[in-house]
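Chemist: Can you make the complete structure from the sequences, with help from the hints?
Each chain, letter by letter, is given below.
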Amino acid sequence: MKKFSSLLHNLILTPSRNTKIKLLQDYFNKLDINRSYALAILSDQLSFQFIKASKLRELVYEQVDQHLFDYSYDYVGDLAETISLIWPTKKEGKSQNLSTLIENIKKIKKSEINTEFSKILSGLSNNERWTLIKICTGGLRIGVSERLVKTALADLYNKSVNEIEEIWHGLEFPYQNLFQWLKNETSKPKIDFKKLFHPMMLANPIDEEKDFKRLDANEFQAEYKWDGIRVQLMVSSKSVSLYSRTGDNISSAFPEIIETTKGDAVIDGELLVGRNFKPSGFNDLQQRLNRKKASKDLQNKFPVFIRAYDILFYKGKDLRKFSLLERRKYLEKFQKENKTNQIDLSSIINFSTWKELTKYKNNFHDDLNEGVMIKLKNSEYLPGRKKGYWYKWKKNPKLVDAILMYAQRGHGKRSSYYSDFTFGVWKESELVPIGKAYSGYTDKELLVLDKFIRNNTINKFGPVREVKKEIILEVAFDDVFTSTRHKSGVAMRFPRIHRIRWDKPVNEVLTISEFKKEFKLS
Amino acid sequence: MDFINHQLFIKDINVHIDPILPKKTAIITHGHADHARFGHDHVIATRQTIDIMKIRYGDKCAKKFTPLRYGQKYSIKNYDFTLYPAGHILGSAQVLIEKNNHRLVITGDYKVGKDETCKNFKLVKCDTLITEATFGLPIFQHPDPKDEIQKLIRSVKINKNNCHIVGAYALGKAQRVMNLLRQQKYNETIYIHGSLEKLCQYYSKEKINIGKFEKVSSKDKNFYEGKIIIAPPSALKDRWSRRFPNPIICMASGWMTVKQRAKQQGIELPLVISDHSDWNELLDTIKKSKAKNILITHGQEDALVYYCKKQNLVSKPLSIQGRSDEEIE
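Top to bottom, those sequences are chains A and B. Residues in the first sequence are numbered from 64 upward in steps of one, following the working numbering. Residues in the second sequence are numbered from 5 upward in steps of one, following the working numbering.
By construction, these hints were calculated from the structure, which means they are not laboratory data. Hints may contain errors.
Stated by the list, open to error - If you want the footprint, here are the derived chain B segments under chain A, 3+ residues with CB under 8 Å: (1) 139-147; (2) 272-279; (3) 306-320.
Using N, Cα and C, we set each Cβ at its ideal position, and we do this for glycine too.
Modeler: Below you can see the structure in the form of structure tokens.
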């Protein structure tokens, strides 16, 4: 555990990619059961059933005054770090192996969690405690991607990272077959590719100035970028399963897809809510997200379908090395053969110049797409975000000027700064908040805002500071809906700070009724 | 205690403690720039604090100086002032003010832990305690500085082709790091940023063991491989630090307790070495001072005010302009 926790500690503090790779290689120099657990942790595959964030809070409240904990958490901005530092009883025992520790935790009975797990936390050093809590809460956020771990392993054991990538989703803890192959003791693990999630091909944002000069419009085709969730559908005569972009199996949440889909293929598409293949907006889709199951009632109210972009396998044939144009023919064929499926095809936009495409990007008849995807016609299906093949070109955002009202400290890398901003518009002589944003600003703007907030606080509500109403923020957002949950009656989608309007006086900011009128809300 | 206001100003006799702007009479707790300023008529402080002010601002930074020994009483009308060691940096002092049998202590910045570079903190019993709260949260539990300095020594041993640049405040922290290195038998020459030179010379003159040091001069780049260089934190991000071979950026500060803070500042090797009291030391000092009335100045005052109220002590925050959290040490 000492070794692994100091690895994480060093990784989080190292800015250089090469040093990170070197640290990982020093650690994975040996491949044993501890490294199996480490790999599972680094790829976010390990969790403890009974010990989640809420349980950890419960345990720490047994040890520390709740208010003192909350003040501290507000300051640190990271649950694992706050708990590890504030934990009062320290009887640091003999350091245990990572594997022994995890196996011991797994053996704890649910009824004994509070006493037993607290005992374990007390016996660790600060850094080990931090590591263990990070493991429990999942999502390490130490600036190390799964890809980087694979790269480090590949370089260290003279394999290609693509080979590891290919078999990755077919591997299981404790990765015996992977380790043996890395050590050249066996051949590459055999994986049943048909049952395996295939890492998706992703797009890079287009750089309008550079890319359009460089790229030949005739070599590309475009599609709308639908505003749903990206999925991979795997269908064969034996089973149907649905995966999210990150490879999580989400079949159980969308039973209507699983029950009705026929054929033999692996499809890449967008999951949308709507009837008769007419999408009804992200607000409706949200009703179906983050659920393990969907009731009949919910299925009837918010039915889903898949808008297919691409096909990876057709009747057992691997199409990933085929060109996009060829794959499209297979996709159309699959569609014709299985007309009862809740699947339609994403339509192709024809254009001959980039200028012509601009109008499609911005003036599409409704708000259900986020812009366009631009794809190289002869691109293979390549995992990850490879440069030069697929691009996304987002619509211009909507903009509104609003007055900064409240601020709160951020989390993670922005944890010492007042970086979460609530802003509002006028309602008669008062301000009413219309949204909250914690991104979009430059580092310089953040410093300016942070300083303004510290020097112009007029009220404190716990961690929230109310500030003098002097700063106008130009807020960019993707969309706005009516909402009964908010005082202002509106809810924004993905608001972010576009810039600070030093030039505009606060009395020129819109009223809430003007705001609603401008964005066509009733 | 209503004789002193929230700006640490005693109107009755026109005396300020650590004023930001030039004043008639100023009692200065220690030489850090957020406490000791240029341009007062009359400065009352320890001899060492006065020396440090003269080094930093020139001999004429005040019209008149009155040096006080620790424990020596100084009276203005019916107010008696006594300075006691604060253990923060060389010359640092707490101020005891007695008036009509009421004892009020202003701690200034202080730390309870041992430190060879200055006189160690002395607890002074009082009725009213005005304490700092730089690290006034229970997450701050400073480790043994010896273990922290060992981390640096170990890293120097392992990374032979790198140089280690340690960010440390020019006054106090830099010399403490040097002294800690010497305590742990690191006997190599320590290289320092130019802005530290005069203060290091002064510490040496005052017989503080900081060992052999030398100002960084533009020698051959590879000369600094394997060496330790101490520089003020502001120089770490400056072009100044680019002249060194594969630098490992370190920082000696209590803030380094929080990994996310270290990461934000691009620190690769954080050293939790603080010249302020940690949470437990703050609580302990409040308790042992026997004060019933606690005022809390700059830092994380919310949690400490909450704690004192829970202990049935009268407590409120005291916001002193010009000192905001996280800018000081």
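Chemist: Which earlier hints can't be squared with this structure?
Modeler: none
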